[in-house]
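Go by the hints and put chain E onto chain P.
What follows is each chain in one-letter form.
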Amino acid sequence: MAAFSTAGESVNSYFNIDDILASQEKIPCSFNVDVAAMGYLDQSTTNVDISVGTKLELPFWLARYLYRGTRSIVSLETPKSYREGYRHILKADPNVVDLHRLGPFFYLFGGKLISFQLPDADDIASILLKTFQGRFRRIMDGSQNALHTDLTGQVSMLDEQERQLFAAGQQGLHDFQKWENRESEKLSTSVMIANHRKRKRIGVSTQPS
Amino acid sequence: MDTSEVEFLAEREHVKIIPNFTQDKIFLISGDIGPFSAGLPVSIPLWLAVNLKQRQKCRFLPPDWMDIEILKAKKQEEADSRFFTEMSSPFYMEITQLLLQWGTDDIPKADEIRTLVKDIWDLRIAKLRSSIDVFVKSEASHAKLNYLTLMEINTVRLFLTKALNHMHQLRLMTSGRSQTQQSQNF
Chain P
850 MAAFSTAGES VNSYFNIDDI LASQEKIPCS FNVDVAAMGY LDQSTTNVDI
900 SVGTKLELPF WLARYLYRGT RSIVSLETPK SYREGYRHIL KADPNVVDLH
950 RLGPFFYLFG GKLISFQLPD ADDIASILLK TFQGRFRRIM DGSQNALHTD
1000 LTGQVSMLDE QERQLFAAGQ QGLHDFQKWE NRESEKLSTS VMIANHRKRK
1050 RIGVSTQPS
Chain E
12 MDTSEVEFLA EREHVKIIPN FTQDKIFLIS GDIGPFSAGL PVSIPLWLAV
62 NLKQRQKCRF LPPDWMDIEI LKAKKQEEAD SRFFTEMSSP FYMEITQLLL
112 QWGTDDIPKA DEIRTLVKDI WDLRIAKLRS SIDVFVKSEA SHAKLNYLTL
162 MEINTVRLFL TKALNHMHQL RLMTSGRSQT QQSQNF
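In order, the protein sequences belong to chains P and E.
If you read the first sequence in the working numbering, its first letter stands for residue 850, the second for the next number, and so on.
If you read the second sequence in the working numbering, its first letter stands for residue 12, the second for the next number, and so on.
The shape of chain P in the complex, shown without the other chains:
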């Protein structure tokens, strides 16, 4: 059932679209070596090369490979929304923070950052868990209670993964509500069949008569 289908969507799954999107989030980096002919990455200069000490925001997938090994090409900084200041805010009250603004993939990207072995990786890891635990009740109550109200305000504060959770909660509520109003016993055409018929008709009309 649901447990089995979600088990496949693990964080590092190659085909997980959220995982791919999360790897586009930017990380502040500074270069430790000169890089030839890459100056176009830095919008602020007209130099052909990147010189030592240049600070750039690189996406995670690029930074991941530049940071590897003993003599890294770049050195990394913790992105702003995971730094101490934000961690304090999240610790104080996770419910008021707009996680979607901090990064639509706050948890996923946070998890990726941790793999870099940054000095504050442990703090980040614990704050991710604490944040989710703190926000959990609100997501659950919001998704399970409101049936016919406008939830945009509440949903807009949620991180992408939290939104999926919210949708799951809503689905449970809707299913039950439908059953209670005796709507689930009515049989309806499945979407697949409905689409299939449509496609067939197109095929028929294009056939030479």
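Hints may be right or wrong, so weigh each one.
Each computed DSBU-like pair below joins lysine-lysine, with the alpha-carbon atoms no more than 35 angstroms apart [claimed, not checked]: (1) P:1027 x E:129; (2) E:83 x P:1027; (3) P:940 x E:155; (4) P:1027 x E:120; (5) P:1035 x E:148; (6) E:86 x P:1035; (7) P:1035 x E:64.
If you are wondering where the hints come from, they were derived from the structure by calculation, not from laboratory data.
Same frame as chain P, now just chain E:
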């Protein structure tokens, strides 16, 4: 799992009816049903009871627990207890729903019963939700809830499994950072 599937399971529960026809035993894979004799109460599966009622071949007899006083006491007990109390039927919600949908005329004070059962349901769901919250906050790896019915589990199943999965991933980051490092080295 679908709510209609839960209802399907609930339809195997036996209820009492008074038939207005006479017939010998019916032999079915799930067991023999009957014999029916007009005017004498007989216990049959819910699905058959609903079917007979739809064809106006019987009257429902409400189950013992479907009584205003008993339900009121149950509601009080549920409200007083910190934990879930044992329900008289594991499918109380489904049976109430089906009996009241088709047999409103057979069951005295149907509206009050419906309200009471719904109240008990709401109490239990609220309790379920707060225990889930406590569970998530406590970082425990397992929890045990007694006397939770299938329909109640079903309303939170998708949400809960997703949430726990998410938590598990977050916890993996905390505990097994070296593992994530390894898996990215391909």
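Check the hint pairing residue 86 of chain E with residue 1035 of chain P against an upper bound of 35 angstroms on the C-alpha distance. Holds: residue 86 of chain E and residue 1035 of chain P sit about 32 angstroms apart, inside 35 angstroms.
Holds or violated: residue 83 of chain E and residue 1027 of chain P, Cα atoms, limit 35 angstroms. Holds: residue 83 of chain E and residue 1027 of chain P sit about 27 angstroms apart, inside 35 angstroms.
Compare the distance between the alpha carbons of residue 940 of chain P and residue 155 of chain E with 35 angstroms, and conclude whether the hinted pair is satisfied. 29 angstroms, holds
Is the hinted pair residue 1027 of chain P and residue 129 of chain E satisfied, with a Cα-Cα distance of at most 35 angstroms? 15 angstroms, holds
Hint check: residue 1035 of chain P vs residue 148 of chain E, CA-CA at most 35 angstroms. Holds or violated? At roughly 40 angstroms apart (the allowed maximum being 35 angstroms), residue 148 of chain E and residue 1035 of chain P break the hint.
Take a quick look at whether residue 1027 of chain P and residue 120 of chain E sit within 35 angstroms of each other, Cα to Cα. 24 angstroms, holds
Could you grab the alpha-carbon distance between residue 1035 of chain P and residue 64 of chain E and see if it respects the 35 angstroms cut-off? With a Cα-Cα distance of about 19 angstroms, the restraint between residue 1035 of chain P and residue 64 of chain E holds, given a limit of 35 angstroms.
Violation of the numbered hints given earlier is confined to hint 5; every other hint is satisfied by the structure.
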